[in-house]
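Residue numbers (this note's numbering), protein chains in the order written: chain A, -11 to 63; chain B, -11 to 63; chain C, -11 to 63; chain D, -11 to 63; chain E, -11 to 63; chain F, -11 to 63; chain G, -11 to 63.
Derived by calculation from the structure, the hints in this document are not laboratory data.
Keep in mind that the hints are not guaranteed to be accurate.
Within a straight-line C-alpha distance of at most 16 Å, the following computed EDC-like cross-link-like pairs (lysine to aspartate or glutamate) qualify [what the hints assert, rightly or not]:
id	chain 1	residue 1	chain 2	residue 2
1	B	K45	C	D(-4)
2	E	K11	G	D39
3	F	K11	A	D54
4	G	K11	F	D54
5	C	K11	D	D54
6	B	K11	C	D24
7	G	K11	E	D39
8	G	K45	F	D54
9	G	K2	G	D39
10	D	K11	C	D54
11	F	K45	A	D54
12	A	K11	B	D63
13	E	K45	G	D63
14	G	K11	G	D54
15	C	K43	D	D63
16	E	K5	E	D63
17	C	K45	D	D63
18	C	K11	B	D54
19	E	K4	E	E35
20	A	K45	B	E32
21	F	K43	A	D39
22	B	K43	C	D39
23	B	K11	A	D39
24	F	K11	G	D54
25	E	K11	D	D54
26	G	K43	F	D54
27	A	K43	B	D39
28	E	K43	G	D39
29	D	K43	E	D39
30	B	K45	B	E32
31	A	K11	F	D54
32	D	K45	E	D63
Just some of the chain A residues that point at chain B, by a computed CB distance under 10 Å [what the hints assert, rightly or not]:
id	residue
33	N12
34	G40
35	V42
36	K43
37	F50
Glycine included, each C-beta is placed from N, C-alpha and C at the ideal position.
So the chains spell out like this:
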Amino acid sequence: MDSSRPIDALNNAKNKKVIIELKNGRQYVGILRALDMHINCVLENAEERVDGEVKRKMGIMFLRGDMITMVMPTD
Amino acid sequence: MDSSRPIDALNNAKNKKVIIELKNGRQYVGILRALDMHINCVLENAEERVDGEVKRKMGIMFLRGDMITMVMPTD
Amino acid sequence: MDSSRPIDALNNAKNKKVIIELKNGRQYVGILRALDMHINCVLENAEERVDGEVKRKMGIMFLRGDMITMVMPTD
Amino acid sequence: MDSSRPIDALNNAKNKKVIIELKNGRQYVGILRALDMHINCVLENAEERVDGEVKRKMGIMFLRGDMITMVMPTD
Amino acid sequence: MDSSRPIDALNNAKNKKVIIELKNGRQYVGILRALDMHINCVLENAEERVDGEVKRKMGIMFLRGDMITMVMPTD
Amino acid sequence: MDSSRPIDALNNAKNKKVIIELKNGRQYVGILRALDMHINCVLENAEERVDGEVKRKMGIMFLRGDMITMVMPTD
Amino acid sequence: MDSSRPIDALNNAKNKKVIIELKNGRQYVGILRALDMHINCVLENAEERVDGEVKRKMGIMFLRGDMITMVMPTD
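In isolation and in its complexed conformation, chain A is listed as follows (with noise of 0.2 Å):
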């Protein structure tokens, strides 16, 4: 990875598999479709994981960057 921006490390990351840990401790699994300066960001076939295992499934989600703590590419 030699991405000069820290933005550039998550576009690297669309259409990858993607785990966010969101600022209330939730995690979110899937495919990172979209994004934007904000780390405003949409997830496909998205499952919500507390403590390793998955709670919920909910399709396509649209996550408020300003919630967000992190970002990691599973890829």
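Based on these hints, arrange chains B, C, D, E, F and G on the given structure of chain A.
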């Protein structure tokens, strides 16, 4: 879904049923009638759900974007 | 309702009775007399309600937009 | 009251007695001498009230707008 | 006091003794030496007071404006 | 170190091992690969540490700047 | 001290020992090497103090301005 910006995913959900979760944990289900770049949303035929059960029915409601954690189209 | 922007839905509610819920859980009912893009609102004949009961009557009140979670027209 | 902007309602309350409630639950009563678009306010002859009783008298006070929940003219 | 903007009231308090209360409940007393539009303040001969008693003496201190709830001139 | 701007100190830490502490108390250690003026950071070979012990290993991670309290270069 | 802007007081403290207190109550002591208008700061030879005792020594550290409550020059 091939929208490049997260806001496009929300625009695609306009006039469709969505689930909106707030930072205070409450969940609202209704028809998404309007939204802007702050993610301020207007729902029609909105219901407030707590633990999956309908707690209140509120017709049209304006939700301030900074309270929103996620928006999920249901169709 | 066919307003394209959320703020339009609020403008349509002007001079009508609305319910406003704040981030601290309090609820105010009154005639919406003014609002701006920050969602700062002015209510007239305002009442504070807690658990559905009127707790205070306050005439005209200015509510700072960043405290507002939702606005619901009642008509 | 027929002001179209919320800030106008506050300008109309200038040099009149107002009640200001803060996000920390405290209430201040005094003459509104100055305000700006951030809702920063200056009160004169200000009193701090807790549960309806005067707790402190503080003469002139500057209140930072982002701490304010609501402003109520009393006249 | 006839200043039209809240910031003017603070400018009038420059080089005078003021009491500043923070969002965390702490109170600082000192000579107001500098301030800006964010309400960042510099106090000289500053004292930290808790329940009316001097807890610390700190000479010159810079206070970040977003932590400030109120500023009260004492003269 | 003679950088005049704080962001320069972070730029000097690029491609080096840093410790990042978040507002929620968590600590991440990894190679700083990217950062921007919001202090959004990308870490590579990142580890989450709690009380000094490695809790998770996460490869590449994007950390949202508004969650960051401090960044410490370790070299 | 006769600086007219609060940021000037901080610039005067550059390359001197300062105490920085954060919103989470932690205190850092070190040489102030850099700062910007967001009050982002870089400390060198930094120590973390809890209840007056040194808890950690961290060399160079970048502190995000929005976490800072106050900065006190010690010279």
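Structure-inconsistent hints, enumerated in ascending order: 1, 2, 6, 7, 8, 9, 11, 12, 15, 20, 23, 26, 34, 35, 36
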